[in-house]
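Student: Protein chains in written order, with numbering that gives the first Met the number 0: chain E, 0 to 492; chain Z, 0 to 97; chain F, 0 to 486.
One or more of the hints may lead you astray.
[Stated by the list, open to error] Within a straight-line C-alpha distance of at most 25 angstroms, the following computed DSS-like cross-link-like pairs (lysine-lysine) qualify: (1) E:Lys342 - F:Lys80; (2) F:Lys223 - F:Lys131; (3) F:Lys412 - F:Lys464; (4) F:Lys223 - F:Lys17; (5) Z:Lys41 - E:Lys301; (6) Z:Lys41 - E:Lys263; (7) F:Lys323 - E:Lys342; (8) E:Lys392 - E:Lys263; (9) F:Lys395 - F:Lys412; (10) F:Lys194 - F:Lys116; (11) E:Lys411 - Z:Lys35; (12) F:Lys80 - F:Lys17; (13) F:Lys464 - F:Lys482; (14) E:Lys138 - E:Lys411; (15) F:Lys456 - F:Lys482; (16) F:Lys374 - F:Lys390; (17) E:Lys342 - Z:Lys41; (18) E:Lys92 - E:Lys342.
I should point out that these hints are in silico values taken from the structure, not numbers from a laboratory.
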Amino acid sequence: MDPVRASAREIARAVNAREVSALEIAETMIPHAAAVDEHLGAYLTFTPDLMREHARRVDARVAAGETLPLAGVPAAIKDNMCLLGTRTTCASKILEQWIAPYTATAVGRLLAAGALPIGKTNMDEFAMGSSGENSALGKTKNPYDLDRVPGGSSAGSAAAVGGFAATISTGSDTGGSIREPAAFCNVVGFKPTYGRVSRYGLIAFASSLDQIGPFGRTVEDAALTYDAMGGHDPMDATSVDRAFETTADHLREDLRGVRVGIVKEFATSDLAPDVAAAYEAAYNDLVKLGAELVEVELPTAKYGLSTYYLIAPAECSSNLARFDGVRYGLRVDGADVGEMYEKTRAAGFGPEVKRRILIGTYALSSGYYDAYYVKAQKARTRIAADFRRAFEKCDVIASPAASAPAFTFNAKSDPYSMYLMDYYTIPVSLAGLPSLSVPCGSATPEGGARPMPLGLQLASPLFTERALLGYAHAYERATQHAAKVAPVQVVTS
Amino acid sequence: MATERIDVRGVARLARLALSDEEVERYGAQLEDLLKHVDDLKQLDTSDVAATAQVIESRNVTRPDVITPCLAHEVVMAGAPQAQHGFFRVPKIIAEAE
Amino acid sequence: MRDAYEAVIGIECHVELKTHSKMFCGCANEFGGEPNTKVCPVCLALPGALPVPNAQAIELMVKAGLAFDAEIPAFSKFDRKNYFYPDMPKNYQISQFDMPLTQGGVVHYWLSDGTKKSCRLTRIHLEEDTGKSTHAGSGDGRIAGSSYSLVDFNRAGVPLMECVGEPDIRSAEEAVGYLEALKRTFVELGVSDVKMEEGSLRCDANVSVRKRGATEYGTKAEIKNMNSFRSVHDAIESEIDRQIAVLEGGGRVIQETRGWDEAAGVTHSMRSKEQAHDYRYFPEPDLVPLELDRALIERIRASMPPVPFERFERYTEQFGISVKQTTQLVDNPPLAGYFDRVVAICNAPGAALNFVLGDLSRLANESGTPVAEGKVTPAALAELIALTEAKTINSKIAKDVLVRLWSDGGSAKAIVESEGLAQVSDPGAIAQFVDDVLAANGDSVAQFKAGKENVLKFLVGQVMKASRGKANPELVEALLREKIAAR
């Protein structure tokens with residue numbers, strides 16, 4: 000078994016069978032990930048000592064007779080999730096030197112399941128962005144074309160798994176931050192139902208939308224990772240207290256009897272011809288697996304962007320108020336405390352973060368609150384209602400995960416054109432639904448040198464993770480799209 | 000939802016962000032652009048619709064009144080930009096209350 | 000001149016709730032301690048930390064509301080109040096904006112002369128306290144002129160309720176009466192310790208004056224920095240005088256915040272310019288709404304002791320106890336509860352009051368053990384009172400029995416019986432003592448016969464002594480007279 004190429008399932012099986020030790024996996028992965036990352040820039044921090052420590056712990060537990068679902072699986076952690084004793088930056092200058100004094104619930108559960116922390120991954124600052132370019136601390140490149148973005152905001156987590164610098168990774172998704180980079184990096188990225196995975200220890204962007212989820216090179220690996228992280232947490236009042244349904248042991252091989260909704264308003268004619276063709280082919284593949292395609296309507300989905308760009312900034316403007324130079328993080332001195340705040344935050348936050356703080360502050364301010372924030376919350380109600388109606392006619396909705404494959408660096412200088420990348424993922428997020436992106440082919444972008452991966456977004460009703468991952472698994476097994484495109488040479492060699 | 004000129008400095012003051020003149024111009028233009036885009040929400044009828052603050056319908060989530068361990072003092076102060084006698088030190092407070 | 004004006008006062012109080020842990024985390028809710036030792040990721044607002052509400056704090060809020068007949072709405076939620084201040088870790092306070100846990104209600108209270116008054120409540124809402132800043136470099140600890148501040152977050156996140164009163168109060172005395180009623184009620188219900196010196200009750204007063212008979216309100220000033228009921232009284236008095244002087248001088252009162260300067264005995268303006276606050280309230284997305292179970296509310300209601308005002312009315316109107324003694328009892332809820340239990344058994348409030356505020360309180364003070372925690376159970380005291388009322392024992396013996404009960408516990412009746420302390424009212428038994436005393440005190444008998452009526456008291460005393468206090472004194476006197484006359 001090659002620990003670099005193997006799936007999480009294979010590694011865990013081998014470690015649990017004591018065919019290979021977790022420490023051997025770690026010793027292979029530590030230098031490999033570092034070497035690949037010279038080109039990829041997926042990581043902000045490596046944690047080799049911690050990885051070895053966890054490997055030894057896993058080996059001891061396995062030796063004592065335990066079977067761990069992720070025994071010895073190298074995992075990368077998005078740098079907006081706290082891990083005790085490690086630098087946790089949100090890719091922001093304001094937290095550049097901050098050492099987390101506690102561990103996020105989801106990360107703690109992942110490590111308890113036997114995963115080994117390789118390091119913390121780069122991201123758009125405070126998870127605000129769709130390309131990874133908003134990181135203040137590093138540049139992450141797409142493992143399928145180093146001139147292109149990996150997507151965002153979970154840029155490093157998607158790139159690390161796509162580039163074989165991690166087996167699995169954690170991401171967070173607010174409006175598409177797992178699904179879009181998963182599509183760009185040829186991996187599976189899964190955002191569970193809002194409230195399924197604890198947010199305790201996830202540095203908040205927009206509290207009512209943020210949700211942690213896994214990346215894996217297979218649906219099964221994503222499912223195993225989700226099963227380890229998910230479930231109720233008393234430390235998060237928005238974590239749902241209902242029976243947790245495991246997924247990895249319920250994956251399916253066909254789609255017989257499954258009604259797949261194709262959204263009338265998401266016409267493929269809006270896409271580039273070869274991208275459109277790839278999605279049409281994907282929908283046909285679903286039919287070949289036994290699914291029935293039905294047209295569903297989401298008339299309010301087009302209001303998703305506007306709704307999202309009021310609600311998410313409003314929440315972020317308040318969530319990010321705690322970064323003030325008083326208790327931790329960057330401080331730039333001032334003559335008085337007010338000046339200190341203003342200088343600290345001016346120096347500590349990048350342009351996109353400032354932009355969203357300003358939008359959100361404005362949307363909540365006196366005189367505009369009803370017209371913007373309340374209006375957006377009501378629009379959110381209607382969008383969620385549209386999905387509920389659509390799911391009366393279908394079991395799962397299929398659509399593109401992003402409107403185009405990965406673009407080149409600095410291609411989207413206008414903020415709004417960047418926001419449009421998440422056109423298909425945002426309405427799903429507003430409704431809180433479980434959804435994922437699974438590789439579904441490739442297309443060569445205009446001016447591009449090689450074919451770039453595409454992702455199929457599948458979204459299903461609240462709390463139907465088990466069914467959703469099952470559909471994705473059937474599609475993945477039948478099509479094997481991930482294997483049809485190869486990462487660039489430096490990554491594979 | 001008119002696209003009037005936004006008092007960017009006033010908004011930045013509420014958000015405690017120092018902005019240069021150039022930033023005021025740039026962010027002002029971008030904000031106005033975004034507000035033009037979100038103006039489309041006006042076309043959406045929400046007259047008989049309740050606002051959604053949370054998509055999940057949980058209620059009454061509480062914790063029992065039980066004491067749990069605090070962080071060790073040195074851990075609390077480890078990240079402090081400036082500390083003195085176990086306190087966080089901040090520059091003088093120009094209070095609204097003088 | 001002051002008679003021509005009427006003051007209109009509304010009071011807002013912040014009261015820290017008496018819970019074990021903080022509002023949104025498990026850190027201890029305790030006053031004081033070394034700085035920054037009672038904090039965790041949540042109350043320090045570390046990145047990624049999330050709040051979870053304390054169930055007990057919500058229950059205490061319901062109690063507070065029910066005590067004043069407030070409505071407990073079917074739906075309530077938390078909101079964020081956004082503003083930056085160094086002692087507020089998140090730079091927003093989790094509070095309640097438009098859907099508080101309690102709405103309306105009325106606080107009944109009384110003045111020192113027994114006059115009953117009431118003040119309507121607007122609402123009581125639940126929020127979290129801030130940390131504390133110490134201002135340094137100015138020499139006097141005041142914020143003005145300080146060169147830096149030191150922040151301690153131990154208090155940050157302590158559950159705090161804000162009681163907003165309607166402007167129904169008309170004088171400084173009423174304001175104090177109202178605050179005392181709040182304090183008594185919260186202490187009685189175990190909602191708060193209400194220690195002003197520890198800052199667990201803080202209040203602001205909105206004060207305006209108007210010509211007597213006017214219906215429009217005058218312009219109000221908000222008074223802050225009042226650290227005791229005394230200072231609330233003095234600050235309001237001073238502010239009323241100031242506003243009347245302004246109006247009489249032809250000026251007009253401006254709407255502003257004023258601080259109470261205890262040493263100078265005056266209020267002073269705290270804001271040079273009125274800052275427009277924009278708190279940007281919005282629903283707290285880290286928390287879910289509250290829809291309290293009606294059955295839970297009824298359970299809480301059923302578990303609540305009578306509010307102090309109910310006691311006040313019962314004691315003064317049914318029992319005829321003086322306002323002063325009533326207040327003394329009501330201000331000591333365990334003692335009042337003890338008193339109520341005694342009266343419930345023996346139905347003799349006057350005698351019970353004398354014991355409870357008299358000998359029993361003295362014994363409690365001497366030993367340092369509160370009455371309600373001592374060994375004299377309400378049943379034992381009620382029994383003692385019944386024995387006294389039935390003249391089974393006299394008051395002197397009753398005092399002795401009480402001392403025995405205090406030190407050893409047990410039943411009054413058992414002590415009386417085992418010690419043979421029951422009053423002896425059998426003339427045959429007493430006659431023997433009388434004969435002995437008369438025989439031994441021939442001189443005194445002669446003096447009495449010669450007309451010195453006072454000597455009889457001495458002789459009664461001698462008989463009582465001989466009977467070890469048990470003889471019925473009235474019977475002793477009658478027998479003495481009879482036997483002397485017969486000599």
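Student: Taking only the CA atoms, is the gap from F:Lys456 to F:Lys482 under or equal to 25 angstroms?
Tutor: 15 angstroms, holds
Student: Given the proposed pairing of F:Lys194 with F:Lys116, does the C-alpha separation stay at or below 25 angstroms?
Tutor: 24 angstroms, holds
Student: Within a Cα-Cα threshold of 25 angstroms, do E:Lys342 and F:Lys80 meet the stated pairing?
Tutor: Roughly 23 angstroms separates the two Cα atoms, so the pair holds.
Student: Can you confirm whether the C-alpha distance between E:Lys138 and E:Lys411 stays at or below 25 angstroms?
Tutor: Roughly 16 angstroms between the alpha carbons, so the hint for E:Lys138 and E:Lys411 holds.
Student: Given the proposed pairing of E:Lys392 with E:Lys263, does the C-alpha separation stay at or below 25 angstroms?
Tutor: Roughly 13 angstroms between the alpha carbons, so the hint for E:Lys392 and E:Lys263 holds.
Student: F:Lys395 and F:Lys412: Cα distance at most 25 angstroms?
Tutor: This hinted pair holds, its Cα atoms lying about 15 angstroms apart.
Student: Verify the proposed pairing of E:Lys342 with Z:Lys41, using a straight-line Cα cut of 25 angstroms.
Tutor: 37 angstroms, violated
Student: For F:Lys223 and F:Lys131, compute the direct alpha-carbon distance and say whether it is at most 25 angstroms.
Tutor: 16 angstroms, holds
Student: Has the given pair, E:Lys92 with E:Lys342, been kept, meaning a C-alpha gap of at most 25 angstroms?
Tutor: It holds: about 13 angstroms lies between the C-alpha atoms, which stays within 25 angstroms.
Student: Does the structure keep F:Lys374 and F:Lys390 at a Cα separation of 25 angstroms or less?
Tutor: 24 angstroms, holds
Student: With a cut-off of 25 angstroms on the C-alpha distance, tell me whether F:Lys223 and F:Lys17 pass.
Tutor: 24 angstroms, holds
Student: Please work out if Z:Lys41 and E:Lys301 have their alpha carbons no farther apart than 25 angstroms.
Tutor: Answer holds: Z:Lys41 to E:Lys301 is near 13 angstroms, not above 25 angstroms.
Checked against the numbered hints given earlier, the structure breaks hints 7, 17 and satisfies all the rest.
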